[in-house]
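J.: Sequence:
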Amino acid sequence: MEPSASGLAARGDLRSALPFLPVVLRGDSIFWPPAAQESLRALALGPDVSRVASGDVLADALTDLRLAVALPALSPRATDGLALFFDDLLSRAQARGWFAEVVPNLARLLLRLPALLEDHYDKAADDASGLRILASQDAAIVHLSQELVAALLTCALFCLFPTDGRAEASLPNINFDGLFAALIHNARQSQEQKVRCLVHYFERVTDSTPTGFVSFERKVLPRRAVSGGLTYPDVDAWMKSSAPLCQFRVFSSDFIEDEEQEALEVDFANRYLGGGALSRGCVQEEIRFMINPELIVGMLFMASMDDNEAIEIVGAERFSQYMGYGSSFRFVGDYLDSTPIDSMGRRRTRIVAIDALDCPTRLQYESSGLLREVNKAFCGFSDQSKLQLYTKLFQDANDKDISPRISSDEYIGVSTGNWGCGAFGGNPEIKSMIQWIAASQALRPFVNYYTFEDASLERLGEVTQWILRHGWTIGELWHMLIEYSSQRSRGETFKSFFAWLLPNGCPKNEVDYMSE
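Start counting the sequence shown at 14; every next residue gets the next number (my numbering).
Calculated from the structure, these hints are not laboratory results.
We treat Cβ as the ideally placed atom computed from N, Cα and C, and that holds for glycine.
Possibly wrong hints are sitting among the right ones.
[Said to hold, decoys possible] In silico DSSO-like pairs for lysine-lysine, Cα to Cα no more than 30 Å straight-line: (1) Lys253 / Lys399; (2) Lys508 / Lys253; (3) Lys399 / Lys136; (4) Lys253 / Lys405.
[Claimed, not checked] Label pairs and their computed distance ranges (CB to CB): (5) Thr222 / Arg28: 40 to 48 Å; (6) Ser509 / Ser381: 16 to 24 Å; (7) Ser265 / Arg39: 52 to 60 Å; (8) Ala200 / Leu376: 30 to 38 Å; (9) Glu471 / Arg375: 18 to 26 Å; (10) Thr222 / His198: 32 to 40 Å; (11) Asp247 / Asn199: 45 to 53 Å; (12) Gln150 / Gly178: 14 to 22 Å; (13) Ala512 / Gln150: 50 to 58 Å; (14) Arg39 / Asp151: 23 to 31 Å.
Turn these sequences into a full structure, and let the hints steer you where they fit.
T.: Listed below in structure tokens is the structure:
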């Protein structure tokens with residue numbers, strides 16, 4: 014294909030990504046190194062030629078490929094993990110199909126990777142909009158075809174991405190060697206089940222190439238004033254907001270990923286996107302990355318998140334059904350994703366990654382901790398095209414001109430749950446209120462909250478409906494959170510927030526507070 018007028022070599026986005034890709038640039042063309050090209054061609058011809066018909070031989074072939082792209086041999090544990098999974102854990106029939114059909118098709122897909130990348134950069138609007146490393150504070154969007162995503166994930170499966178410089182760039186691990194290594198001496202079947210989800214994905218995409226697109230956006234809430242834009246709100250700014258709280262619905266069962274309304278589906282993220290998805294992790298974020306494997310590609314180029322950042326991914330297709338959680342997680346079969354497609358060819362699945370404070374203990378009851386969490390959620394729930402409107406809301410929420418624009422907003426709500434709780438140790442009552450405040454200020458029309466049958470949230474529906482009936486504003490609820498947290502920090506109360514706010518079903522200081 015013809016390179017773009019300016020030439021690939023001149024593109025800043027490609028120069029940013031190239032050190033972290035296994036391909037090379039010569040002139041204005043992208044190539045595999047010759048030895049890697051030869052190895053991939055042999056794999057593409059199937060096991061009769063490549064002799065790759067078992068896990069241990071596949072591990073040897075991947076080591077040869079890694080050496081061809083100037084990477085060291087696979088670790089012994091990764092080699093043993095590949096052999097264990099494909100030779101012992103996978104059924105013989107599925108293993109035969111994997112080596113006879115899937116591996117050759119994946120090799121053919123990788124042989125097309127240079128052309129897919131050239132086409133991607135050729136179609137990118139400018140040299141800052143193609144695949145590149147999105148560093149901290151770099152607010153931008155990268156659009157990728159699902160076919161290119163599949164090729165990049167195959168690089169991860171084959172463990173071909175360069176590792177030098179990733180830690181210095183605050184990038185998570187992306188190769189699958191750690192995933193397979195974690196199978197060794199691991200009594201939890203959940204690790205095997207994670208691999209089964211990914212194997213199923215590769216079986217699907219080699220059987221029928223997906224034709225849509227996925228976008229990855231780094232969202233930033235600037236800490237310094239930007240002309241005409243929104244800056245990181247302080248405690249007083251939240252206190253002054255007189256915007257209304259949005260509708261709040263509570264579900265004790267069901268899951269965020271099964272949300273029927275169009276909504277931002279919250280990923281309870283690690284600051285490194287994906288968390289332990291490619292190692293031993295198997296909780297909310299990791300499970301989502303297994304059933305929607307295209308999310309993993311964001312780990313290639315998304316640097317870790319700072320306190321004022323979030324990541325939104327639109328269009329990731331779901332491929333797997335599952336059951337269980339943590340050590341009980343199980344892959345249970347195929348999933349056909351029927352989510353409608355938008356005008357950009359993306360499934361209308363919007364996943365927003367926000368990382369909560371880890372083990373906040375007393376910090377979650379201090380104004381600085383509350384501010385960090387509400388601004389993190391607000392960044393994730395915000396629409397970057399509405400930053401000027403958000404600025405006006407904080408400056409003068411009583412402006413009558415704002416109301417029509419709030420009601421005319423797209424009907425895309427927030428689907429969430431116990432963000433930052435569980436292993437992260439956050440208070441579910443506080444976190445639910447923080448997310449409600451943030452979603453409302455971001456002009457989201459509703460919050461659908463999945464409690465996962467958490468007993469501490471038994472009164473969540475009662476409390477939120479009482480607040481809505483009394484017409485509280487964002488600022489009023491924020492004020493009560495600050496007051497409660499102040500009392501909790503000083504040891505003046507040890508009650509939960511809901512018990513403090515509505516003791517025995519009666520509002521806390523209703524008359525005094527509402528008359529302030």
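J.: For each hint, tell me whether it holds in the structure or not.
T.: Here is what the structure says about each hint:
1. Under the criterion of a C-alpha separation no larger than 30 Å, the hint pairing Lys253 with Lys399 is consistent with the structure, at around 19 Å.
2. Distance restraint check for Lys508 and Lys253: the Cα-Cα separation of roughly 27 Å lies within the 30 Å cut-off, and the hinted pair is therefore satisfied.
3. Among the hinted pairs, Lys399 with Lys136 is consistent with the structure: their alpha-carbon atoms are about 27 Å apart, no more than 30 Å.
4. Straight-line distance between C-alpha atoms of Lys253 and Lys405 comes to about 12 Å, which keeps the hinted pair within the 30 Å bound.
5. Hint check: Thr222 to Arg28, Cβ distance near 29 Å, so the stated range 40 to 48 Å is violated.
6. Distance hint check: the CB atoms of Ser509 and Ser381 are about 21 Å apart, consistent with the given range 16 to 24 Å.
7. Restraint check, Ser265 to Arg39: a C-beta distance of roughly 59 Å satisfies the suggested window 52 to 60 Å.
8. As the Cβ distance of Ala200 to Leu376 is approximately 35 Å, the hint placing it in 30 to 38 Å holds.
9. Take Glu471 and Arg375: their Cβ atoms lie about 25 Å apart, and the range 18 to 26 Å holds.
10. Distance hint for Thr222 and His198: a CB-CB separation of about 37 Å, consistent with the stated range 32 to 40 Å.
11. Between Asp247 and Asn199 the Cβ separation comes to about 46 Å, which falls inside the hinted range of 45 to 53 Å.
12. As the Cβ distance of Gln150 to Gly178 is approximately 19 Å, the hint placing it in 14 to 22 Å holds.
13. In this structure, Ala512 and Gln150 break the distance hint of 50 to 58 Å, their C-beta atoms being roughly 40 Å apart.
14. For the hinted restraint 23 to 31 Å between Arg39 and Asp151, the CB-CB distance of approximately 28 Å keeps it satisfied.
In this structure, the earlier hints numbered 5 and 13 are contradicted, and the remaining ones agree with it.
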